[in-house]
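J.: Here the protein sequences come in this chain order: U and R. Our numbering puts the first residue of the first sequence at 1, with every later residue one more than the last. Our numbering puts the first residue of the second sequence at 1, with every later residue one more than the last.
Any given hint could turn out to be false.
Unchecked claim - Think about it this way: if two alpha-carbon atoms lie no more than 25 Å apart in a straight line, the pair counts; the simulated SDA-like pairs of lysine to any residue are:
(1) R:Lys598 - U:Arg36
(2) R:Lys147 - R:Asp677
(3) U:Lys598 - R:Gly170
(4) R:Lys290 - R:Asp139
(5) U:Lys598 - R:Asp506
(6) U:Lys200 - R:Ala409
(7) R:Lys298 - R:Ala409
(8) R:Lys547 - U:Pro228
Keep in mind that the hints were calculated from the coordinates and are not lab data. These numbers were taken from a predicted model, which means no experiment stands behind them.
Here's the letter readout for the chains.
Protein chains: 2
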Amino acid sequence: MSAGQGSGLLGRRGRALLAPRVTGQVRYTDDIHLPRMLWGRIVRCPYPHARIAKIDASRALARRGVVAVITGKDMPERFGIIPWTPDEFPLALERARFVGDAVACVAAEDERLAHEAAELVDVTYERLPAATDLQGAIDRPEVGLGKGGKDNVSKEVALSFGDVDGLLAGSDVVIEGDYYYEGSAHAPIETHCAIAQHDKNGLLTVWSTTQVPHYLHRELSRVLRVSPARIRVIQPPVGGAFGGKSEPFSLEFCAAKLAMVTGRPVKILYTREEEFYAHRGRHPMRMHMKVGATREGKLTAVDAQTAIDGGAYSSFGLVTAYYSGQLLTLPAFAEGYRFSSTRYFTNKPPCGPKRGHGSVQPRFAFEVSLDKIAERLGMDPIALRRQNLVGPASTTLNGMRVTSNGIEACLDAVERSSGWKERRGKLGPGRGLGVAVSAYICGTNYAIYPNDMPQSAVQLKVDRSGVVTVFSGQSEIGQGCDTMLAVLVADELGLDLGAVRVISGDTDLAPVDLGAYSSRGTFMNGNAALHAARQVRDKLREAVAAKLEVSPKEILVTRGALVVANDPGRGVTVTEAIQLAEGRFGTLGAVGYYNTPKLGGDYRGGTIGASPAYSFTAHVAEVAVDVETGRVDVKTIWVAHDCGKALCPTLVEGQMEGSAYMGAAEALLEEHVIGADGLHQGPSLLDYRIPTSLDVPDLVSLIVESHDPEGPHGAKEAGEGPLHPSIPAIANAIYDAVGVRIDRLPFTPSRVLAALQEKARREVEDGARGGAGGAGSAGGVGSKSGAGAVVAAE
Amino acid sequence: MSAGQGSGLLGRRGRALLAPRVTGQVRYTDDIHLPRMLWGRIVRCPYPHARIAKIDASRALARRGVVAVITGKDMPERFGIIPWTPDEFPLALERARFVGDAVACVAAEDERLAHEAAELVDVTYERLPAATDLQGAIDRPEVGLGKGGKDNVSKEVALSFGDVDGLLAGSDVVIEGDYYYEGSAHAPIETHCAIAQHDKNGLLTVWSTTQVPHYLHRELSRVLRVSPARIRVIQPPVGGAFGGKSEPFSLEFCAAKLAMVTGRPVKILYTREEEFYAHRGRHPMRMHMKVGATREGKLTAVDAQTAIDGGAYSSFGLVTAYYSGQLLTLPAFAEGYRFSSTRYFTNKPPCGPKRGHGSVQPRFAFEVSLDKIAERLGMDPIALRRQNLVGPASTTLNGMRVTSNGIEACLDAVERSSGWKERRGKLGPGRGLGVAVSAYICGTNYAIYPNDMPQSAVQLKVDRSGVVTVFSGQSEIGQGCDTMLAVLVADELGLDLGAVRVISGDTDLAPVDLGAYSSRGTFMNGNAALHAARQVRDKLREAVAAKLEVSPKEILVTRGALVVANDPGRGVTVTEAIQLAEGRFGTLGAVGYYNTPKLGGDYRGGTIGASPAYSFTAHVAEVAVDVETGRVDVKTIWVAHDCGKALCPTLVEGQMEGSAYMGAAEALLEEHVIGADGLHQGPSLLDYRIPTSLDVPDLVSLIVESHDPEGPHGAKEAGEGPLHPSIPAIANAIYDAVGVRIDRLPFTPSRVLAALQEKARREVEDGARGGAGGAGSAGGVGSKSGAGAVVAAE
């Protein structure tokens with residue numbers, strides 16, 4: 001195991017396939033224009049909760065150039081990504097459940113006209129009582145957003161491992177706190193877009209910015225009642241997704257239906273405002289967390305209760321409810337664990353998965369809790385974590401099988417690289433260091449819909465010209481999965497990267513892969529690619545061996561040639577080898593696939609999220625806090641990430657930086673807030689603040705390579721895991737810098753300033769009372785009788 | 001064996017995939033527009049033969065918007081479709097050899113500007129002596145167009161089988177004649193077009209109207225000195241080709257080079273005038289043919305000498321020279337055969353393959369000769385042919401292996417359908433019936449470049465949604481090969497045609513197929529498709545058998561379901577079967593391929609054209625000749641064609657009609673004539689007459705199904721064979737109608753009128769001399785002493 005840069009399979013060349021993106025040659029969905037194409041525009045409900053009494057489209061249809069208007073009655077079939085919770089109509093049928101809920105869709109000759117015509121659709125609403133925040137949903141069950149209409153509950157999960165109450169009671173220190181994580185949006189630069197065409201042969205083609213062409217394919221078929229054999233989903237390269245395009249959306253159904261109705265192609269492009277209402281971003285969560293430890297720093301038990309603000313529909317909420325508890329048990333954990341989590345429906349845009357789905361929020365609460373314990377015990381927070389690590393080749397207390405585990409090396413790396421030991425506590429006033437760790441899945445062991453088929457497949461076409469084409473159902477959303485596949489196949493077959501083509505994101509061309517979610521790409525699609533490439537490699541070796549009159553075992557695949565292992569001067573080029581093999585075996589090609597080990601119990605039971613492997617991350621953040629303004633300036637984040645084998649180091653670094661950047665942005669800036677009126681508080685990129693390049697802290701990426709026994713060449717994920725620790729590491733660094741705990745996201749200047757003023761007020765009071773206990777990283781070990789002290793920011 | 005309509009594999013549904021063509025949804029090459037695209041325009045030599053002394057592009061480059069000019073020096077590498085005769089430069093290097101030879105190419109911001117700028121390129125020529133017709137090339141070896149510059153010979157072939165002189169000497173009747181076949185052009189509605197893009201990753205993509213993406217791929221690599229791994233050739237659907245797009249052309253090299261030089265995409269679209277100069281159409285041939293027979297109508301020997309006008313470059317000429325003799329020996333032939341054929345270079349646009357490559361011209365001469373023999377012997381011309389048929393499961397005297405052979409059924413069919421027996425000789429003045437037969441190859445046993453690899457491959461992707469995608473290197477040029485593949489695969493797997501996608505004509509996406517030439521598509525690509533589909537079918541049957549607990553042998557694939565053979569109520573849908581098989585075997589996919597049996601001796605020797613199977617055709621034509629004007633009106637052509645199994649009857653009929661139509665057009669209208677100045681006599685669709693729908697005779701297509709042991713489901717070709725007999729059948733019908741032989745193409749009113757006048761003059765002379773022998777279909781059997789009488793039209 002090593003920490004550093006990673007050499008990669010082909011060195012640093014993994015970036016080659018990204019050139020079309022950075023040179024502007026990529027055609028995104030909105031770049032596609034089809035002859036006779038119409039523009040669609042969705043009519044949206046302006047109320048948080050309303051009955052649709054009547055829709056009169058006559059004024060719109062009277063407008064010259066308006067071709068069609070559809071309503072919920074045209075597609076009276078519920079959809080939903082989770083097969084057990086389909087609860088959305090493409091266009092609301094009777095009730096609209098949030099401001100922005102789709103109720104009708106117009107198709108017109110151009111985009112402007114479509115927008116104008118949408119204003120002319122007269123919808124008569126009867127307003128209904130609404131719950132526009134979490135507390136409202138809890139307090140007012142009569143709003144009846146839940147199944148059966150008797151409450152607002154979306155999903156409840158409660159699991160318990162070990163004697164939690166006994167362990168907490170026996171602890172030397174117990175930290176209890178409330179944390180609140182405001183929701184955030186994905187804010188991709190490319191908004192959602194879909195184009196549909198229904199041709200004269202009855203084939204429906206849908207181009208979409210989706211991350212999950214396969215699921216979209218299934219849902220289009222089911223909802224539109226069209227055979228899947230008559231549907232093709234094409235996912236052009238996507239300009240940012242981050243989980244926000246992991247589900248079918250109204251626009252795909254509407255574009256498809258309008259194309260079928262009008263016989264013309266139809267495009268729908270969400271405006272930036274619509275993008276914020278389409279949302280499916282990170283769930284707001286209110287977490288109450290109790291963590292116990294011995295005086296030696298051994299964690300005893302964790303008791304976590306979480307209330308989740310799900311928004312108007314189920315989306316991935318069933319999974320979110322599990323993830324909010326499940327993934328906490330790695331990499332450092334206690335002996336006992338109880339968690340209960342309830343997702344509530346609210347009359348707000350539905351929440352879904354965002355990078356680090358469901359687990360970023362409790363990770364914040366837990367890692368801050370650990371920091372508080374370390375402070376109370378007077379321990380180094382890194383040492384506290386080291387002491388409680390779950391090791392490699394082990395099983396967590398909630399039944400997750402851990403294979404490779406590089407967390408120790410990650411901690412070593414950030415400790416060393418940040419100068420933790422030498423610098424901590426010596427940075428001067430207003431500056432501090434904080435640490436946090438996390439673990440994340442490499443895909444899930446179960447598909448979203450139950451089946452025994454492979455989760456991922458790759459088909460290779462091998463051309464006698466020396467070109468190998470990789471057909472993969474994976475979704476290239478900017479994360480570089482196409483490059484990853486090219487690198488794996490090129491390496492296996494001795495090819496130059498330029499001789500490999502990757503065709504992905506097209507249900508007609510590529511075999512099924514379940515999609516770009518849960519960080520499953522490299523692990524699953526990579527394994528499928530290796531499986532395919534090795535079939536071809538075996539044939540090349542056999543053909544070359546026959547020609548050179550040696551055993552296939554003696555043939556070595558090197559860059560550009562297949563040679564005799566102990567006589568490397570004897571060999572043939574890869575292209576010649578392909579031609580020899582084609583002459584010997586017939587035209588070459590192969591299908592490779594990957595399916596997960598079925599571990600962890602019943603799919604519908606408690607371990608839905610169990611993954612074949614886990615990545616590990618440690619961050620140290622350094623901040624400077626301006627005590628006059630409350631402004632937090634994150635100077636540097638040191639990110640050490642165990643990605644298994646780094647197949648393409650450039651891409652791994654990109655993912656580590658992108659994740660840490662996004663975490664820092666959520667920590668400091670991003671805030672997806674819906675007011676009591678159901679309106680977004682700033683649905684634009686002026687008001688919703690994502691960092692510019694000037695706002696990004698220095699990011700030091702430290703690749704930690706482990707070897708996962710089930711990963712392709714030992715590789716694991718890097719796309720989501722490295723986000724998690726950013727937020728608690730910054731929170732902990734703020735405390736280290738200025739002695740205040742900000743337990744509510746984001747850490748805005750006003751919140752920091754208020755906390756500083758409150759701290760000053762208390763210090764005055766404590767001083768007046770002669771009380772003990774200070775801020776900073778130095779704290780005394782609490783006595784047993786001191787356990788249970790609550791530190792809460794609010 | 002049956003004559004009629006053919007039931008097809010899926011009934012008459014084979015037309016389904018053609019809908020995009022007839023509804024205007026197909027995007028042809030010229031429909032593609034790329035951002036920042038430049039337009040190229042080729043500067044062409046105005047002289048039939050000239051040395052290029054100097055090229056000065058300064059005036060062109062000074063024009064605003066002109067981006068680049070390239071000349072021969074930029075691509076100093078010869079190309080050519082036949083590996084042994086590369087003799088063309090993309091742009092002529094030192095010498096231009098015909099009016100229209102490419103000497104430079106301009107790239108400019110728009111098409112008009114490119115055309116204007118091409119006029120500003122100043123080329124200084126030194127004129128050279130030229131040979132602008134066949135006789136000139138024979139008479140003036142000093143023009144030196146041949147290899148070594150000492151003569152104008154392109155290729156000589158001479159082969160002899162049996163004691164030809166002895167057999168002719170022993171014949172009861174010998175017919176000797178001269179025939180001249182004027183060249184004709186393909187005149188596709190879509191002119192040649194190419195677009196090239198050289199992206200930032202160094203990948204060169206060339207969209208082209210080519211029929212042979214694989215060869216274009218190879219030649220682009222060789223000539224441009226770019227690794228084939230860095231080239232992708234895409235062949236969008238082609239708007240007519242007929243052999244005229246079977247080679248790389250200057251435009252593809254120029255577009256590619258200009259794209260590489262400028263860094264921008266470049267499109268070159270030939271004007272209609274350029275299309276006629278690019279040519280590569282049917283070779284003009286002057287044939288001297290001697291055919292002997294016994295008084296009983298047994299053919300004894302054939303002695304054929306052919307001079308071929310090849311135009312300025314080799315093109316496919318090596319093959320043409322063989323084909324001009326080789327394919328005559330089927331379906332009805334003699335005991336002895338000698339042929340010599342010499343292709344000459346002339347300072348004219350080079351000729352190449354056109355539908356029925358090389359064999360349409362001698363077929364005309366031979367079938368007219370047979371008509372003359374029948375007349376001389378007083379035999380029914382159908383009976384004469386029946387008497388000399390080469391049977392199924394036999395070998396021709398020049399070594400061609402014949403497998404299936406439905407010529408007898410074809411003759412029966414046209415005889416019956418045309419009312420030959422009842423109507424012939426009773427049609428009244430100026431009307432007549434004529435018959436002719438032919439045979440054609442189903443691809444060649446050898447690739448154009450020697451190799452041991454399959455000639456054709458098909459890769460299948462099988463999707464759990466019930467969609468099967470067929471990747472094929474075949475070139476869809478309107479002949480329907482995509483539909484043919486879909487039908488084969490759908491039938492094999494029990495799928496609806498709408499559940500099959502075909503991806504063809506893209507070197508990145510599809511495995512190698514050698515191209516759309518020599519009528520190889522259905523036979524070779526069809527076999528490859530079956531090979532692939534049967535691998536999948538076996539897995540489906542095994543998976544279903546396991547589920548139903550029976551043996552795989554008991555599972556029957558029916559339309560839409562796999563069922564137990566003796567209990568067809570038990571079964572699963574095809575989609576379920578795919579999912580079962582995917583769960584059992586992993587993701588499904590397969591590669592199928594086909595290679596030819598290596599028969600007929602050495603590739604570079606005498607039997608280059610040997611095919612794995614032969615199609616057979618018989619035509620009867622009915623004409624009305626206006627003796628006042630000489631105008632020939634073809635009333636009806638009855639076309640019986642042995643295509644083996646008719647996989648898609650609609651497409652087979654389309655090919656039969658298209659072939660017979662084209663033959664009739666060549667017989668009556670088309671004439672590709674280059675004047676002594678090297679200029680085309682009418683390079684436009686106003687002057688070059690192709691028939692409108694009003695000019696087309698009634699075509700009665702009679703599909704004759706045989707079962708070829710090597711064809712896919714017994715299928716053979718239908719795309720070229722049915723053209724051949726049209727011309728001699730019409731010629732023979734004219735003789736039957738008005739008693740004149742027109743042995744020179746086309747049968748224009750002026751030629752017919754001249755022949756009628758000549759006949760009248762002779763009759764007057766004969767009457768004056770009291771001579772015997774008349775016109776019409778009644779003729780006396782010549783005595784042995786009368787043998788050797790020459791009937792020559794000119």
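J.: Hint by hint, note whether the structure agrees.
T.: Tested hints:
1. R:Lys598 - U:Arg36: It is violated: about 52 Å lies between the C-alpha atoms, which goes past 25 Å.
2. R:Lys147 - R:Asp677: holds, 24 Å
3. U:Lys598 - R:Gly170: Answer violated: U:Lys598 to R:Gly170 is near 86 Å, above 25 Å.
4. R:Lys290 - R:Asp139: Between R:Lys290 and R:Asp139 the Cα gap is close to 24 Å, so the pair holds against 25 Å.
5. U:Lys598 - R:Asp506: With a Cα-Cα distance of about 40 Å, the restraint between U:Lys598 and R:Asp506 is violated, given a limit of 25 Å.
6. U:Lys200 - R:Ala409: Answer violated: U:Lys200 to R:Ala409 is near 39 Å, above 25 Å.
7. R:Lys298 - R:Ala409: Roughly 20 Å separates the two Cα atoms, so the pair holds.
8. R:Lys547 - U:Pro228: holds, 24 Å
Checked against the numbered hints given earlier, the structure breaks hints 1, 3, 5, 6 and satisfies all the rest.
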